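Which chain is which? The protein sequence lines are V and H, in order.
Number 664 marks the last residue of the first sequence (the working numbering); no jumps.
Number 664 marks the last residue of the second sequence (the working numbering); no jumps.
Don't read these hints as lab results, they were simulated from the structure.
Keep in mind that this is a model prediction, so the values were computed, not measured.
Not one of these hints is a red herring.
Remember, identical chains collapse to one label, so a pair may be satisfied in a single copy or spanning two.
Below are the DSS-like pairs computed for lysine-lysine, each with C-alpha atoms no more than 27 Å apart in a straight line:
(1) K391 / K516
(2) K391 / K527
(3) K391 / K534
2 protein chains.
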Amino acid sequence: MIFRQLFDSTSGTYTYLIASRHGGEALIIDPVLERVDRYLQLVRELDLKLVKAVDTHLHADHVTGLGALRDRTHCITVMGEQTHADVVSMRVAEGDGIEIEGLRLDVLYTPGHTDDSYSYLWGDRVFTGDTLLIRGTGRTDFQNGDPRAQYESLFNKLLKLPDETMVYPAHDYKGDTVSTIGEEKQFNPRLKVKSIDEYVELMNNLNLPNPKMMDVAVPANMHVGLYQDAIAKKGWALSATDAIALRGRSDVAIVDLREKGEREKHGVIPGSLHAPYPRCRNIFAPAACCRSSPRRPASASCSTAPSASAPPWRCRRRRMPG
Amino acid sequence: MIFRQLFDSTSGTYTYLIASRHGGEALIIDPVLERVDRYLQLVRELDLKLVKAVDTHLHADHVTGLGALRDRTHCITVMGEQTHADVVSMRVAEGDGIEIEGLRLDVLYTPGHTDDSYSYLWGDRVFTGDTLLIRGTGRTDFQNGDPRAQYESLFNKLLKLPDETMVYPAHDYKGDTVSTIGEEKQFNPRLKVKSIDEYVELMNNLNLPNPKMMDVAVPANMHVGLYQDAIAKKGWALSATDAIALRGRSDVAIVDLREKGEREKHGVIPGSLHAPYPRCRNIFAPAACCRSSPRRPASASCSTAPSASAPPWRCRRRRMPG
Numbered sequence: 343m344i345f346r347q348l349f350d351s352t353s354g355t356y357t358y359l360i361a362s363r364h365g366g367e368a369l370i371i372d373p374v375l376e377r378v379d380r381y382l383q384l385v386r387e388l389d390l391k392l393v394k395a396v397d398t399h400l401h402a403d404h405v406t407g408l409g410a411l412r413d414r415t416h417c418i419t420v421m422g423e424q425t426h427a428d429v430v431s432m433r434v435a436e437g438d439g440i441e442i443e444g445l446r447l448d449v450l451y452t453p454g455h456t457d458d459s460y461s462y463l464w465g466d467r468v469f470t471g472d473t474l475l476i477r478g479t480g481r482t483d484f485q486n487g488d489p490r491a492q493y494e495s496l497f498n499k500l501l502k503l504p505d506e507t508m509v510y511p512a513h514d515y516k517g518d519t520v521s522t523i524g525e526e527k528q529f530n531p532r533l534k535v536k537s538i539d540e541y542v543e544l545m546n547n548l549n550l551p552n553p554k555m556m557d558v559a560v561p562a563n564m565h566v567g568l569y570q571d572a573i574a575k576k577g578w579a580l581s582a583t584d585a586i587a588l589r590g591r592s593d594v595a596i597v598d599l600r601e602k603g604e605r606e607k608h609g610v611i612p613g614s615l616h617a618p619y620p621r622c623r624n625i626f627a628p629a630a631c632c633r634s635s636p637r638r639p640a641s642a643s644c645s646t647a648p649s650a651s652a653p654p655w656r657c658r659r660r661r662m663p664g
Numbered sequence: 343m344i345f346r347q348l349f350d351s352t353s354g355t356y357t358y359l360i361a362s363r364h365g366g367e368a369l370i371i372d373p374v375l376e377r378v379d380r381y382l383q384l385v386r387e388l389d390l391k392l393v394k395a396v397d398t399h400l401h402a403d404h405v406t407g408l409g410a411l412r413d414r415t416h417c418i419t420v421m422g423e424q425t426h427a428d429v430v431s432m433r434v435a436e437g438d439g440i441e442i443e444g445l446r447l448d449v450l451y452t453p454g455h456t457d458d459s460y461s462y463l464w465g466d467r468v469f470t471g472d473t474l475l476i477r478g479t480g481r482t483d484f485q486n487g488d489p490r491a492q493y494e495s496l497f498n499k500l501l502k503l504p505d506e507t508m509v510y511p512a513h514d515y516k517g518d519t520v521s522t523i524g525e526e527k528q529f530n531p532r533l534k535v536k537s538i539d540e541y542v543e544l545m546n547n548l549n550l551p552n553p554k555m556m557d558v559a560v561p562a563n564m565h566v567g568l569y570q571d572a573i574a575k576k577g578w579a580l581s582a583t584d585a586i587a588l589r590g591r592s593d594v595a596i597v598d599l600r601e602k603g604e605r606e607k608h609g610v611i612p613g614s615l616h617a618p619y620p621r622c623r624n625i626f627a628p629a630a631c632c633r634s635s636p637r638r639p640a641s642a643s644c645s646t647a648p649s650a651s652a653p654p655w656r657c658r659r660r661r662m663p664g
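Let the sequences and hints guide you as you build the complete structure.
See the structure below:
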C-alpha cells in the first residue's frame, strides 16, 4: 500500500496520492495546480499509473490540478454530482465507490462548507476535505455553504465513524498532519456545541475575510482546464440531446466510457459500445477493428448528468489517438 | 502505536511525537521552541506523558524546544555525545538505544551535516535529521560539517537500511512528508555521485547563504533553556570534581538519575543511590524516607560526560519537589 500526504505551503493544502502497490494504478485527492509537476514526478518514481484525480469540493483557495492531470495523464476526473465544474468525467454521490486497482474509496456526501463537499472513506482513513479540519471545520459563508447542513454532515456522518479512524483533511494551517475521529469529537472546539442552532450561530459569526485566491480560484475551478472549450470550438463536442439524435447512424459509433457501476446506476445508452476509460486506449489500439479514419469521429466520451432533470448522459465527440 | 508528524512552517521543520499507546510514555524528536504549546496540548489530548525530548543535532535554523519541554514536563533531554549544548541530560552514541515504555529507537551516528548529527531507527521508520532529506542532503558547510563524513553516513549507514524503510527527515521545503530508503537511493540527485570525491566536490560548491536564524539559533541551542545558569548562581550546581569530594559525607546523598543502560556503559558512581529519572519523582514522594529538609539538598542529577577525558559523570545539586 502506498500513501503519500503532500503539502502545498502557499494554500496550506494537503494532497493525497494513494495506490495499492508499486507498478499499479494510483488515485490523487485534492491536487493543486502549481504542484502538478511534483505529483507526476512522484507518480513516475513510484512506478504508478495515475487513473483518477478527485476533488473533495470546488476549492476557493487554490486552483485545482484536476485539469492539468487529466490533460497530462488522461486520468478520470472525479467530483460530487452537485459540482458545477465542467469536464468532471465521473460524478459521484453518497454510497458510491471510487475504485482503482486494489482499492476503493467509499463516498460520503458531507455538504456544509459548500454544497458539493464530499468526504472519502478508505478503510481506517477518511479524507474530509474542508468539512472536518484538525481542531476546526470549514467555513460555511460562501459557495452555497450551509452551517446547518455541515452540522448534519459532521455529527450524523463523520463523527459516527469509529473513533480510531484517521482524519486527513484538505487543509491545515497550524502544522498538524493527521488526527482521529475520536480526538476531534473530544477536542475540536467547533464541535463543542450543544445544538444545531448553537453551531449555526457560531459559524454565522466567524466574520472571516474571503480567501485571497477566491476570485481567481473559483472561476478557474469551474473550468477545469481549457480543452473542453477548444474541443467544442472545433465541432467535436455535442450535447446529449444532439447525441441521442445520432443514434443508429451507420457512420457514428457511440462509445460509453463510463465504469460498470456508473452504467448500472445511471442507465445504459442504447446501441452504445462500452469501453471503460482509461482502458479504452487498449481497445482502440491501432490494430483494433473500431479504429476510425481521422475525418470520421469514432467515439463519444460520456459522463453522467449533473441533475435528475437533465438527460442521463452527455457526450462529446473525440478523435481517438491512433 | 501513536505517530504524529508535526510541521513548523516558519523553519520547514518536521517534529515527531511517538508513543506505544494512549496513556503511556511519549518521546518527541526535533521540537521547535515556538510550537511547544501545541506539542504539550497534543500530549495532554492524547493522554501521554512526555518523558524524552530528542534532537537529531544542534539546529542552526530554529531554536530547539528541548529546554522548554524539559522545564515544563521534566522530560529527559537527549542528544548525541558530541553535543556542545548544555543541559542535555542523556548523551547517546552509535549502537545505543533510546527507550520509553513500549518502544526503542536505535541510535545511528551519522555525522556530516554537523559533527553531532544522529539518526534514529524505529522499526521500519528512520528519523534522519538533516543527514538525509527527501531528494536532498543536509548542507555540510558549517558547524563542523564534513561532506566526506556525510558520504560515509549516507552510503555506508543509512542507505544500507532496507529499501522499504520510511525516511522521516527533520526538514522539507517542497511539500513532501515521507520517502523511503529505496526511493532516495534511486531518485535523490545528491546521491547520484560515483565517488566520495565527487560528493565532496558537489557539497563544497553549493554556495548557499547561511540560514536566516543561524546567529540566533546556534547560540540559543548551545544553552538549552536558562535554568542551568540560574541553578548554578544559587549555588545548587557543582562540578563532577567537587561532587567526588563530597562522597561519603553523612549530610550528602548522591543520587544517580541515569538509566540502567547509561550506568552500565559509563560506570556506576560509588556510594550513589540509583533513581532513574523521571521515576525518581515517585521515589522521592513526600512520604519517602529520603525526603530532605528544604535547606539541605538531597539529590544530585547526573549526566554522562561529553568526552572520555572528562570525569565519567557530572552533578548538580537540586532540591527535590516536596
